[in-house]
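Chemist: Read off the chains here:
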Amino acid sequence: MTAYLLNLATLATIFGILAASLNVLIGYAGIFSVAHAVFFGVGAYAGAQVALNLVPDVLLASLAGGLLSGLLSLCLALPALRVRGEYFVAASLGLQMLAVTVFSEAHSLTGGHGGLVGIPPASLLGIDVSSPWRFLAVCVGALTLSLVSIAILMRGGFGRGLMAIRDSESAAEALGKNVPALKTIAVAIGCSLAGVAGTLFAFQLAFINVESFTLEQSVLLMAMVIIGGAGTLLGPLVGTLLLLLLPAVLSFIPFIPATEIGTVQQLVYGLAMTLLMIFRPAGLAAPSTGRR
Amino acid sequence: MLILQLLASGIQTGVLYGLTAAGFALIFGATRVFHVAHGATFVLAGYAFVLGAQAGLPWPVSCLLALVVAIGFGLFMDAFVYRPIQRHEGAFFTVFVAAFGASLVVQNLIQFCVGRGSVSVSTPLTRASEILPGLYVAPVFWIAIGVAVALFALVTMFLDRTDAGVALRGLSENPELLRAFGLSSRRLSALAFGIGSAMTVPGAILTAATSGIEPAAGAHVVLISLAAAVVGGIGSLRGAALAGLLLGITENLIIAVLDTQWSEAAGFLVLFAFILFRPSGLFGQAVRR
Amino acid sequence: QTQSHIVGTLFPMSGSNAEFGTLYTNAVQLALDHITADRMLKSPIELRSQDSQATPQGGAVGMTRLATVDKASYVLLGFTGVSKAAAPIGGRNKVVMINGGGVGPDLATLSPYFVNIIPLANKEVTAILPWLAKEGLKRVALIYVDDPLGQSINQEFAAGLPKQGGTLVGAFSVPPTQQQFGAIAARVRDVKPDAVYFATPIGTQLSQMAKQLRDNGITQQFVTYSVGNLPSIVAQPESEGMIFTGQAADWTSNEPKIKRFVEGWRTKYKAEPVTYALNYYNGLMLFAMLAQGLERAGTPVTGETLLAELMRVRTFQLAGGEVTFDEHASASSAIQISRVHGGRSEKIG
Amino acid sequence: MKPAVDKALGRLRASGPAPSPAGLVPAIAVAGLSAGYGGRPVLSDLSLSVPESEVLCLIGHNGAGKSTLLKLLFGLHPPTGGTIRLRGTELVPHPSAMAAAGIAYVPEGRGVFPGLTVKENFRLALWSAGLKGGEAAARTEEVLVILPRIKEFWTKRAGQLSGGQQQMVSIGRALLSRPSILLLDEPSIGLAPKLFQDLMAPIRALQQQRGMTILLVEQNVGEAFAISDSVVVMKSGQVIERGVPADFADHARLMELF
Amino acid sequence: MPGSLLSVRGLSKEFGGVKAIQSVDMDLVEGVVTALVGPNGAGKTTLFNLICGHISPDAGEVQLAGRPIRGERPHTIARLGIARSFQDLRLFGRMSVRDNVLSALEPTAWLWQPGGRRAARARLHKTEAALERTGLSALAGARAVDLSYAETKFLSLARILVTEARIWLLDEPASGLDPVSRARFVALLKEAVAAGVTVCLIEHNLDIVTELADRIAFLDRGRKLAEGEPAAILRDPELIGIYFGEPRR
Ligand SMILES: Nc1ncnc2c1ncn2[C@@H]1O[C@H](COP(=O)(O)OP(=O)(O)OP(=O)(O)O)[C@@H](O)[C@H]1O
Ligand SMILES: Nc1ncnc2c1ncn2[C@@H]1O[C@H](COP(=O)(O)OP(=O)(O)OP(=O)(O)O)[C@@H](O)[C@H]1O
Ligand SMILES: [Mg+2]
Ligand SMILES: [Mg+2]
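Chains as they are written, first to last, in my numbering: chain A, 63 to 354; chain B, 15 to 303; chain C, 2 to 350; chain D, 3 to 260; chain E, 15 to 263.
Because the hints were derived from the structure by calculation, they are not lab data.
This one's a predicted model, so the numbers in the text were calculated from it and none came from an experiment.
Some clues are possibly wrong.
Pairwise CB distance ranges, derived in the manner of DEER restraints [as the list claims (entries may be wrong)]:
1) D:Q211 - B:R292: 33 to 39 angstroms
2) D:L146 - E:W124: 57 to 63 angstroms
3) A:P183 - C:P238: 37 to 43 angstroms
4) E:G45 - D:A251: 32 to 38 angstroms
5) B:W73 - A:T64: 45 to 51 angstroms
6) E:Y163 - D:A254: 20 to 26 angstroms
7) D:L146 - E:Q101: 55 to 61 angstroms
8) B:V163 - E:W124: 22 to 28 angstroms
Backbone N, C-alpha and C define an ideal beta-carbon position, used for all residues, glycine too.
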């Protein structure tokens, strides 16, 4: 039982990092990306390749994953600088679909549909951290670090700049904000964190393939952020816990016939998304709106 | 000949994409709702038709059944999902998530009630015959083109010529003002959802006949609709229809040189390029704030 | 009454592959009925089910759950992605994993605890090549899903066909999500094949391929591997005449074990059984045999002891015949060739 | 100076809050009306009567609730309490019902659909009034006689018109239904003062000819008072003063009321 | 022109056939309040947009204290000391009133802010002072979307007030305000002018124009028809005819 809970907790932590990083884009910068799984994937593949071919060091691999994701995030920043709203959603969608194809076709880098197998157990600066407890600790550490840095950044002038751009780009420009630079940095930060999460994911699963980096994953991540409350610090975590643990909890319900568990899970899942949005449109962690 | 054959199959796919995308564009244009559950409408219509046909109903009745189901679902989403959300702050992405959840519910309900495999209707109409040396075309090819063109003409005529059509354009600009005119924005948005959803029906029925339809088929449909709506210029029916056609043809023609897994990607590459280089789409006006 | 044996299943129960999950679960259920009826074991078997969603993440989570919460010693699973994600977890927790569905050749060496009870796909291609030559089907077009399974089949054909005097005139890869094959049909027709081989692990996709190719005027012989044995495919009119390979599983055989399986299936599920179902039926049967041996010897039944028992005995009399496991715990059994005829499958070689 | 103000105030108070001519039912009478946005009260226990065939000018500080009151009267926002009577009959406001009862509403800002042509803007108004064919044409003609300049830009998109032209179209389309009560919300915003006067002159003439009731919300006191019969001052969601324009001619007194 | 802080020469802009601005020359002189007057659609807002770099001119030159700024990005121009308000305000709706003002103080907010805690505290002080002056102190924590109409107008001003911009371009800053708020607003502007800010404002309300402006530039259909002392402009019957009559198109 502990191992199961540890596994879930580790996954939840990893997805917590992902959701928090997506929140930088959606909640603060107003960049509605549905391509976050792409950068999750890039990080995972990069981290896995480092672990497979160099050393299975979490720090090094995460660095590689985060850096590569951050670099490739220019693909997302480019349309973000040109269009907003629905148009950007469509652009990121295009990027997501392209990336999935590339992930499944670039056999030498990603292993195609077969994926990368046998990612070695993780170590950290020479210390073996592959045991579930230790790896969870590493992930929690990464999550804490991400949250703290996001909190500091978003409370400060940088965060205010992003939110200003989110609410009115032209007014932000007129007040001297360098909109392209701020947007590019925000995208780079969000995507690098996603890359780090990807690397941790690769170590945790020891096997990755394109199925974890699809549009569904992106939408799920987005749902985590929105359901929890975009633009709040803890919202994404709440959303992650809810959406990740809901299936797990449902699988403990005894009276659902075994063959229908999956369907029922997905059904409840979808229903929860819709109902939550109807009754808590601002997200679970958002303060209930006072005036207005 | 290969090119011609691929072009033919591209056109057949494309007109249906175009029609479905135009429905999506109509709904989005009029109500500003990013109706991600449009794919669910498509699947529901397809299943209604197949189940009707399997139950022995004559085909016009099955078509009617599909129509009723599609429109009913569209109206339901409008009244019970989108409107309550928009009564709050109606943030664009809140609607997105809610609609996505609803699609999941539909998909799994169908799995639960009907089954997980794909269903289809068998009809001799999908049997291709050689009309030119090496060019095989099935009767559905002509049916698809005929129905799509006719329906599209009908809808555009409705929007251009009738009072309700003008009102729908007004709705897209300012629903609040419409109420100040003494018109009901609710009824108009229901109208938009009704027509837009009805436009999925031909595509759904013909897909059920040619390739079969499965509970998860909606995802692809909605992706294409969304891409076409953007490439065409958001809100422009003509643009969406043309872009849908274009995407269908691209998807198929690309197969002449590349493997199929690149065909969807090619469509989205077109989308991506459009957004970077012509963000206003084929027919849209530039958006920047 | 002692503690019960916990056996887990890790099948896709939702999503586009859920049809398989249902089928496999039914097979396991039937085996359980028979084991209980025969009183093979002192302690009862308790089944625990997890939804793998056919994705690696689903597989990893489900496997961890089965191994650590449910403490299953033996898990039946399927699908290449799931298997790969689950194998290290199962291996670490010393859980025997039985694969009866995934046929990617890279599954052979995943983990010592990973047992393939299904012959891997490359073996099926080897079996069909002589038949193609015999029938004079020299020009073969291949439509394959671009995954390890599809790739290995592609390689087998590219290497094997010329040896038999044939040629692979076209190999068209498709993504697993593809549903429209009108355009592929055009390309297939363009290369003028004598036979078209489908290599997709997804049943719905196979049925769509068959239908749309026929619709688009491809009249040539269709050939595929064991996936063609799904009821929905066999029943489809467009599958008429399709050839598929599979483990030797002769539903008309009088051998008592297979007869019991076939009849049990027909009465319980009111349908024709398929090879995949037989694999998972045998999968649980194998557990019962191993556990029976352990119970007799007074050894506790754990994943470790089960695996040791398997490697000790190696050869088992299962429904459908004798199955032998190699040093990687991968089974090999005879391959038979069947043809779809009138909505049923019939053995032709 | 001071005694003059006092005198004026005294006279105002003596005249009472709702001077409706005896025997005449007011066109609109609201009593105890309250409303708010998301739980925040904006109007509280507001009572007001608008006499038949008068131009009543409603003034008050920003956020006093003037626009909200108009929205309530046209059924665009739900009241949380109180009653609304239209010529003595109580009703639950709803835009289409109010339109049918002869009320027309010209919202704050530019009340036209910018993407539609002027003709199409009119078409929508005719449609909502249930007017068709010859009758519709006759009504259009009637409005074009009152505001002849609309003809100059009849087929242009409303968004391409200048602010004054847009305002003209907005009021013109409201007149299509031949309303007996017209609710005008700050028609002067963004308009040059003379433009506003030019626009309102034919409306005032029409009002006097037809006996139309107009409830005019204005911030530009000078121009508005010139065409008003009486004035009501609102403060924080309530009516605090009522009188004729002359009573408020004194600037200092006016400032005090805000 | 002597003392010209911002000079505009031959500026032109066409939107798909509409000549929004046609070779306009204009000078903003240090300490002088210029009012931009003209009928709706005359191109006043467009002129601001061109000066601030929000749209790029088809022809013409803009110089700030002798330095050409045409073609610079809007944020660069803003940092050079030109602040502007928008006709439709464009507040940062989901940010608090305080953050709206604070963000105007940190145009170059990178990942970290130079100056450390002390500078941060100084900025906060400045913000509070600006809120105090515009009467928004009590609402500092409220979201901008929740403000009333007059409050939004004052917030828009507060955002400009805190910047150290030497030139303010204000687009109908006081429209729709009630007389009392308007008086307060005008008083604030006068204070700023007294402190040396060069103001150019678009305004339809001639009362405000006469009260504040030292000069009037008169725009019609993209052309500057006249510029001069308010009294002179407002006496010109032709201009008054254009302004008070309907614009002829
Ligand atoms: N849609 C809305 N949502 C929330 N609050 C609103 C809304 N509309 C108005 N309010 C608030 O209600 C109050 C009254 O607004 P209203 O528009 O009725 O005032 P007003 O008297 O018309 O002011 P003005 O002279 O500025 O037009 C204000 O505080 C305003 O902020
Ligand atoms: N981005 C744009 N695209 C196309 N046309 C534009 C654009 N911006 C302004 N115009 C046009 O340029 C002309 C001048 O507009 P502008 O907004 O500058 O007028 P204005 O003097 O500010 O009027 P108002 O007093 O009504 O605010 C108008 O005809 C307008 O339609
Ligand atoms: Mg108002
Ligand atoms: Mg302007």
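Chemist: Please go over all the hints and tell whether each is borne out by the structure.
Modeler: Hint check results:
1. For the pair Q211 (chain D) and R292 (chain B), the beta carbons lie near 55 angstroms from each other, so the given range of 33 to 39 angstroms is not met.
2. For the hinted restraint 57 to 63 angstroms between L146 (chain D) and W124 (chain E), the CB-CB distance of approximately 60 angstroms keeps it satisfied.
3. The given range of 37 to 43 angstroms is broken by P183 (chain A) and P238 (chain C), whose C-beta atoms sit roughly 52 angstroms from each other.
4. Taking the beta carbon of each, G45 (chain E) and A251 (chain D) are about 37 angstroms apart, inside 32 to 38 angstroms as hinted.
5. Judged by the Cβ atoms, the range 45 to 51 angstroms given for W73 (chain B) and T64 (chain A) is violated: they are separated by roughly 59 angstroms.
6. Between Y163 (chain E) and A254 (chain D) the beta carbon distance is about 24 angstroms. The supplied range of 20 to 26 angstroms therefore holds.
7. The given range of 55 to 61 angstroms is broken by L146 (chain D) and Q101 (chain E), whose C-beta atoms sit roughly 31 angstroms from each other.
8. Roughly 56 angstroms separates the CB atoms of V163 (chain B) and W124 (chain E), a value that falls outside the hinted 22 to 28 angstroms.
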